[in-house]
Amino acid sequence: MSPLLDITSLDVDFGGEAAVRDVNLTLDRGEVLGLVGESGSGKSVTALSVLGLLPRNATARGSIRLDGTELLGAGERALTRIRGDRAAMVFQDPLSAFTPVHRIGDQIAEAVRAHRDIGREQARTRAVELLDLVGIPEPALRAKAFPHEFSGGMRQRAMIAMAMAGEPDLILADEPTTALDVTIQAQILDVLRTAQRETGAAVLLVSHDLGVIAGTADRVAVMRDGRIVEQGTAAEVFHRPREPYTRQLLAAVPRIDAPREPRPPTGGTVLKVRGLTRTFPVLKGTVVKRRTGTVYAVDGVDLDVRRGETLALVGESGSGKSTTLFELLELAAPEGGTVELFGQRLGSLTPAEAKALRRRVQIVFQDPMASLDPRMPVGDIIAEPLRTQGADRAAVARRVPELLTQVGLDPAHADRFPHQFSGGQRQRVGIARALSVAPELLVLDEPVSALDVSVQAGVLDLLRRLKEELGLAYLFVSHDLSVVRNIADRVSVVYLGRTVEAGPVDEVFARPRHPYTQALLSAVPLPDPERERERQRSRILLAGDPPSPTRRYDGCRFRTRCPLYVQLTVDEQKRCAHDVPGFEQDGAACHFPRARTVL
Amino acid sequence: MPSYLVKRLGYHAVLLLAAVCLSYLLASLALDPRSYYEGRQPPLSPAAVDHHLTALGLDDHQPLRERFLHWADRALLHGDLGRTIDGTSVDAEFGRRIGVSLRLLLAGTVLGTVAGVLAGAWTAVRQYRFSDRAVTVISFALLSTPVFLLAILLKTGAIWFNQTTGTDLIQFTGEKSPGVDGGFWTVLGDRAVHLLLPTLSVALFALAGYSRYQRSSMLDVLGSDYLRTARAKGLGRRAVLLRHGLRTALIPMSTYFSYGFLALFTGATFTETIFGWHGMGEWFVNSIGKNDVNSVVAVNIFAAVTVLFSGFLADLLHAALDPRIRKTS
Ligand SMILES: Nc1ncnc2c1ncn2[C@@H]1O[C@H](COP(=O)(O)OP(=O)(O)OP(=O)(O)O)[C@@H](O)[C@H]1O
Ligand code: SF4
Ligand SMILES: [Mg+2]
Numbered sequence: 001m002s003p004l005l006d007i008t009s010l011d012v013d014f015g016g017e018a019a020v021r022d023v024n025l026t027l028d029r030g031e032v033l034g035l036v037g038e039s040g041s042g043k044s045v046t047a048l049s050v051l052g053l054l055p056r057n058a059t060a061r062g063s064i065r066l067d068g069t070e071l072l073g074a075g076e077r078a079l080t081r082i083r084g085d086r087a088a089m090v091f092q093d094p095l096s097a098f099t100p101v102h103r104i105g106d107q108i109a110e111a112v113r114a115h116r117d118i119g120r121e122q123a124r125t126r127a128v129e130l131l132d133l134v135g136i137p138e139p140a141l142r143a144k145a146f147p148h149e150f151s152g153g154m155r156q157r158a159m160i161a162m163a164m165a166g167e168p169d170l171i172l173a174d175e176p177t178t179a180l181d182v183t184i185q186a187q188i189l190d191v192l193r194t195a196q197r198e199t200g201a202a203v204l205l206v207s208h209d210l211g212v213i214a215g216t217a218d219r220v221a222v223m224r225d226g227r228i229v230e231q232g233t234a235a236e237v238f239h240r241p242r243e244p245y246t247r248q249l250l251a252a253v254p255r256i257d258a259p260r261e262p263r264p265p266t267g268g269t270v271l272k273v274r275g276l277t278r279t280f281p282v283l284k285g286t287v288v289k290r291r292t293g294t295v296y297a298v299d300g301v302d303l304d305v306r307r308g309e310t311l312a313l314v315g316e317s318g319s320g321k322s323t324t325l326f327e328l329l330e331l332a333a334p335e336g337g338t339v340e341l342f343g344q345r346l347g348s349l350t351p352a353e354a355k356a357l358r359r360r361v362q363i364v365f366q367d368p369m370a371s372l373d374p375r376m377p378v379g380d381i382i383a384e385p386l387r388t389q390g391a392d393r394a395a396v397a398r399r400v401p402e403l404l405t406q407v408g409l410d411p412a413h414a415d416r417f418p419h420q421f422s423g424g425q426r427q428r429v430g431i432a433r434a435l436s437v438a439p440e441l442l443v444l445d446e447p448v449s450a451l452d453v454s455v456q457a458g459v460l461d462l463l464r465r466l467k468e469e470l471g472l473a474y475l476f477v478s479h480d481l482s483v484v485r486n487i488a489d490r491v492s493v494v495y496l497g498r499t500v501e502a503g504p505v506d507e508v509f510a511r512p513r514h515p516y517t518q519a520l521l522s523a524v525p526l527p528d529p530e531r532e533r534e535r536q537r538s539r540i541l542l543a544g545d546p547p548s549p550t551r552r553y554d555g556c557r558f559r560t561r562c563p564l565y566v567q568l569t570v571d572e573q574k575r576c577a578h579d580v581p582g583f584e585q586d587g588a589a590c591h592f593p594r595a596r597t598v599l
Numbered sequence: 001m002p003s004y005l006v007k008r009l010g011y012h013a014v015l016l017l018a019a020v021c022l023s024y025l026l027a028s029l030a031l032d033p034r035s036y037y038e039g040r041q042p043p044l045s046p047a048a049v050d051h052h053l054t055a056l057g058l059d060d061h062q063p064l065r066e067r068f069l070h071w072a073d074r075a076l077l078h079g080d081l082g083r084t085i086d087g088t089s090v091d092a093e094f095g096r097r098i099g100v101s102l103r104l105l106l107a108g109t110v111l112g113t114v115a116g117v118l119a120g121a122w123t124a125v126r127q128y129r130f131s132d133r134a135v136t137v138i139s140f141a142l143l144s145t146p147v148f149l150l151a152i153l154l155k156t157g158a159i160w161f162n163q164t165t166g167t168d169l170i171q172f173t174g175e176k177s178p179g180v181d182g183g184f185w186t187v188l189g190d191r192a193v194h195l196l197l198p199t200l201s202v203a204l205f206a207l208a209g210y211s212r213y214q215r216s217s218m219l220d221v222l223g224s225d226y227l228r229t230a231r232a233k234g235l236g237r238r239a240v241l242l243r244h245g246l247r248t249a250l251i252p253m254s255t256y257f258s259y260g261f262l263a264l265f266t267g268a269t270f271t272e273t274i275f276g277w278h279g280m281g282e283w284f285v286n287s288i289g290k291n292d293v294n295s296v297v298a299v300n301i302f303a304a305v306t307v308l309f310s311g312f313l314a315d316l317l318h319a320a321l322d323p324r325i326r327k328t329s
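Chains A and B are the protein sequences, given in the same order.
Read in order, the letters of the first sequence are residues 1 to 599 in my numbering.
Read in order, the letters of the second sequence are residues 1 to 329 in my numbering.
Among the hints, erroneous ones may be present.
[To be verified] Pair by pair, the computed Cβ-Cβ distance ranges are:
1. A:563 x B:259: 49 to 59 Å
2. B:259 x A:384: 40 to 50 Å
3. A:358 x B:118: 51 to 61 Å
4. A:30 x B:134: 47 to 57 Å
5. A:73 x B:7: 54 to 64 Å
6. B:102 x A:548: 42 to 52 Å
By construction, these hints were calculated from the structure, which means they are not laboratory data.
Note that the coordinates shown come from a computational prediction; the quantities given were computed from them, not determined experimentally.
No residue lacks a Cβ here, since even glycine has one placed at the ideal position from N, Cα and C.
Construct the entire structure; sequences and hints are all you get.
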């Protein structure tokens, strides 16, 4: 039988520049093909060419046949008939992928009607059924919502519903979970598998995340610089990769089940946070602002960082991680709770003491491009904190080359500008800038999440080395638990602005006690097809989205999504509903903590 | 949604009141009606000048505060804007001229806006093709042509047209031919013929501006992810461009509509003068020349009301077009 999708010798250029070269792929009916590769390797371009959705400045050559029909070079009219009907697409960023001015239900109904001769009402009904199928609660009501009223996860569900509308033979999913938190990612992958089962469609799953691919794909193709370098069954590619590049890629992925070296003993406490809170007013009105509500962004965070130690602060988006960092870096009295930096309590500092403290704490930001001034040579960027601290010319001239060498950059490049460096090198510049004033505590806000895995591995190695050489302490914010396992000594998990569990990484990852930590760890996909499929069967799927931080909760705030709660007796449930579970150092904020192995 | 609009309406009412009061104060400070009477031939006696000024409520021996309070009481509480410097009623003059100006502005604005939006959207879709470049060149030429020059060019064109065809099909002086009477249709036809050129000059100006804004807003939308999604669903080109593209690209335009109206009003001052229409714009120019405070204030009220009303319409439009602001406000 001929394959459903047959791509042969596909070349794509953008104004003469090669983006995709000689790509050959086939996809059988009902099969899931994973397409992996690093940023810019040509994954999206390949997927977009199938439906003729490339930007206007692109030219494609070769052949793409869907069920025998040639698509490349087919007219817009012919492609329109196929799009959504024979082959549908799921895009990455679900907010920008929906038209903001039309209701979700209407946009799905539109997809239903695009290829079926049915009435408006019938199409609406079908849209509601589809929303129900992808697990949107109260689908009839939610169909009337606008895209901005949906959370990221719900929008991605709706996107999948829309792709299912035409009962396609092929679903092209381009990074369908990349913008989402792990627990939501687990939900969406589940929905995608449901969609595939329901429609019997073949899926081309594009992702840079090897874990996501491992759990879903039957076959895998690895892309690099516009070419397919390796192709085979999932087991072959993951366990017996032939190409050095594939091996390198697999080796660079931090794994949540990786063995860990014993950690060196650590020194005295440098940062101690107890019960930190921070609220923001919700304002309304154009001329006269009125306060109509409160966002409880941070609502009880505890942290302990010791010298020579990396504490990872883990939580999903909106859980208050960044707000916590900003509160610490303000060096002012916190709104609630206490913060002690190097034994000094914030709020009672003289300006001179504050200035001295500022030197001892430095930050590295997530997005290396956005945090470096594009018009400044990196030498000046690195020297800036030094100058603010009043260093003289000679000291600056001595320190800058020293720092560049320290972070693995060429000191001769000090007069280059940020755009002349790669993403990983820019992050090294950011680290050098932070190190320039010889800090003792480095605060790192998602320092590697914008980087490709191989580059990420290099930066993580650098951070580890610097910590040992300089005896630094790190407060490392991340949403990626595999990275945390790779770099951190201790971990602190926050949910909805509150610390729910903390402890040594080995301890917490091996025996998580809080149901939320368990769900979080269980949601992380492993880049190992067999083990990942096994994990899928026992995966703890959290229902719904994190609740709104604009209200206060009686009792345990995780209750609405807690998988353990539903198994408790009525009396036990009462306790969860009325008493706020307390948090003690290295404990779990749960009334019924049960250690459970999820890795 | 209604509460949002009620709030906006209240906000606009406050602004209007402030604008009216300020324009009275400003006009009283800047204009000198006494000089108008003193320059009269044959000369008036100082007592007669004072008498005229007192009758108008503009006696500059009285402190400004008192004049203002007096004026505010009359104008704001009783709706009586007083007398013009020639002694006729401002209210009556207002009533006569407002219709003339609105007829001129409304048709031109509506026509120009619709045509501008369509032209902008169309050129965005055809970016860098010949038609796009042609429209771009024409709009920039129009935008950089002063209104009065445009009006004179149109007039010259009309004269040429009438001469070559040997008719007087296009009329360009006044709003009607003197002495036309006959049935309803004859009068209507005569008025329409007179409206042609002034409307065109207002419309062309609006078209040039809006087509630029609409083009750039449409270009943003054309590159957006959701347009790609709409195509990926298998929608036809028309549905993609109109229902998803233009529909969303109209949102930022609603802001321009309100401010654009002010520019049009300014332009209309010239248009009226050149085409011999006795509207608000002409009145404004004349009354400043005569140091006629009460008339200047009246025209300012008209301008403020049109601008704020179009601002309010823009708010309505914005709320109607964009579901995101309806919910959050
Ligand atoms: N609109 C465009 N104009 C010019 N070049 C483009 C355009 N889109 C993509 N490219 C180029 O094509 C190549 C492949 O890009 P593509 O988006 O397919 O990468 P990708 O593998 O999907 O990466 P990512 O993981 O970042 O999504 C890159 O070199 C990119 O710079
Ligand atoms: S306290 Fe109750 S609801 Fe909260 S996490 Fe523990 S078991 Fe679940
Ligand atoms: Mg991509």
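Results for each hint:
no.	hint	result
1	A:563 x B:259: 49 to 59 Å	holds, 56 Å
2	B:259 x A:384: 40 to 50 Å	holds, 41 Å
3	A:358 x B:118: 51 to 61 Å	holds, 58 Å
4	A:30 x B:134: 47 to 57 Å	holds, 52 Å
5	A:73 x B:7: 54 to 64 Å	holds, 56 Å
6	B:102 x A:548: 42 to 52 Å	holds, 49 Å
The structure meets every hint from the earlier list without exception.
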